[in-house]
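Following the hints, complete the assembly by docking chain F onto the known chain R.
In order, the protein sequence lines correspond to chains R and F. With the numbering used here as the guide, the letters of the first sequence map in order to residues 193 to 380. With the numbering used here as the guide, the letters of the second sequence map in order to residues 2 to 76.
These aren't lab readings, by the way, just hints derived from the structure by calculation. In this text the structure is predicted, and so the values were computed from the model without any measurement. Heads up, some of the hints might be wrong.
[What the hints assert, rightly or not] Partner residues are not named here, just some residues of chain R that face chain F (Cβ under 7 Å, in silico):
1) P196
2) D205
3) S213
4) E245
5) F258
6) L260
7) E282
8) A294
9) G299
10) P302
11) A306
12) F311
13) V338
Ideal Cβ placement from N, Cα and C applies to all residues, glycine included.
Next come the chains, spelled out residue by residue.
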Amino acid sequence: MTEPETWVDAYGDRLFRYALSRVRDEGAAEDLLQETFLAAFKSRERFKGESSELTWMTGILRNKLFELYRRQAKETPLGSAVEDANPGSEFFDARHWKPALAPRDWGGEPARKAESAEFAAALRRCLEALSSGPARAFVLREMEGVAPEDAAETLGVSPGHLAVLLYRARMRLRRCLEKNHFAPESVA
Amino acid sequence: MSFLPSCRDVSKHLSAALDSGRPLGMHVRLHLTLCEACRRVLAQFALIRHGAARAGEAGPSLSDAAKGRLRRFLQ
Numbered sequence: 193m194t195e196p197e198t199w200v201d202a203y204g205d206r207l208f209r210y211a212l213s214r215v216r217d218e219g220a221a222e223d224l225l226q227e228t229f230l231a232a233f234k235s236r237e238r239f240k241g242e243s244s245e246l247t248w249m250t251g252i253l254r255n256k257l258f259e260l261y262r263r264q265a266k267e268t269p270l271g272s273a274v275e276d277a278n279p280g281s282e283f284f285d286a287r288h289w290k291p292a293l294a295p296r297d298w299g300g301e302p303a304r305k306a307e308s309a310e311f312a313a314a315l316r317r318c319l320e321a322l323s324s325g326p327a328r329a330f331v332l333r334e335m336e337g338v339a340p341e342d343a344a345e346t347l348g349v350s351p352g353h354l355a356v357l358l359y360r361a362r363m364r365l366r367r368c369l370e371k372n373h374f375a376p377e378s379v380a
Numbered sequence: 002m003s004f005l006p007s008c009r010d011v012s013k014h015l016s017a018a019l020d021s022g023r024p025l026g027m028h029v030r031l032h033l034t035l036c037e038a039c040r041r042v043l044a045q046f047a048l049i050r051h052g053a054a055r056a057g058e059a060g061p062s063l064s065d066a067a068k069g070r071l072r073r074f075l076q
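Extracted from the complex, chain R is given alone in its bound form (with noise of 0.2 Å):
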């Protein structure tokens, strides 16, 4: 194992990149990766070598990642698929979506601007815009493949309400993308 006063150099920027994403404040990242250092100071010994100090040292952040989505969700819950009845509802008429915010066609190939450096920090920029609730249930969800009990259990919601925030965040995420990124032009 290498010394810990390398890890800075070695893993700080790409450690602080993954949890920047994760938790959209410079702050709280830099808290996490704080943590995440000192738990693997303590726990030096037991690393045997199996993956790359940069892996193991991802798999302490994801749980001190998911510690903190439950220290959030105890003193400040998300409340209840009740009182998010209507999702979504901001886009559609009766039946519909409304015709101003009805998908726009995201040009010949959006597969290939997915892949570009700008489509990666368009979507940084949307999830950053994304409130509390919405955005934990995707970075559990979609970046961190979390099983959706387990997700729904991190963030102390019901399976259900888990599907109305994972909805929401898509969604959002999909509009703001549009608005943004692939067809700013033709949004209203």
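What follows is chain F alone, placed relative to chain R:
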């Protein structure tokens, strides 16, 4: 298309299908054949999922001040 689910319902079904991995129901698939806007949503949700899996690879670096704080913390 009144016998079919609404665009709003379809968008919810599309999100739920992403989570469950279950195939879309017949009425949703039929709606998609008739509704270009909802077909776009299906493709766009998938793109967002693809992009999210790569999130965290790019972005700002730690500031020098933050690096300094962390170095001191580890010494």
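Quick rundown of the hints versus the structure:
no., hint, result
1, P196, "5 Å, holds"
2, D205, "4 Å, holds"
3, S213, "4 Å, holds"
4, E245, "14 Å, violated"
5, F258, "15 Å, violated"
6, L260, "16 Å, violated"
7, E282, "11 Å, violated"
8, A294, "5 Å, holds"
9, G299, "11 Å, violated"
10, P302, "6 Å, holds"
11, A306, "5 Å, holds"
12, F311, "6 Å, holds"
13, V338, "11 Å, violated"
In summary, the numbered hints that this structure violates are 4, 5, 6, 7, 9, 13.
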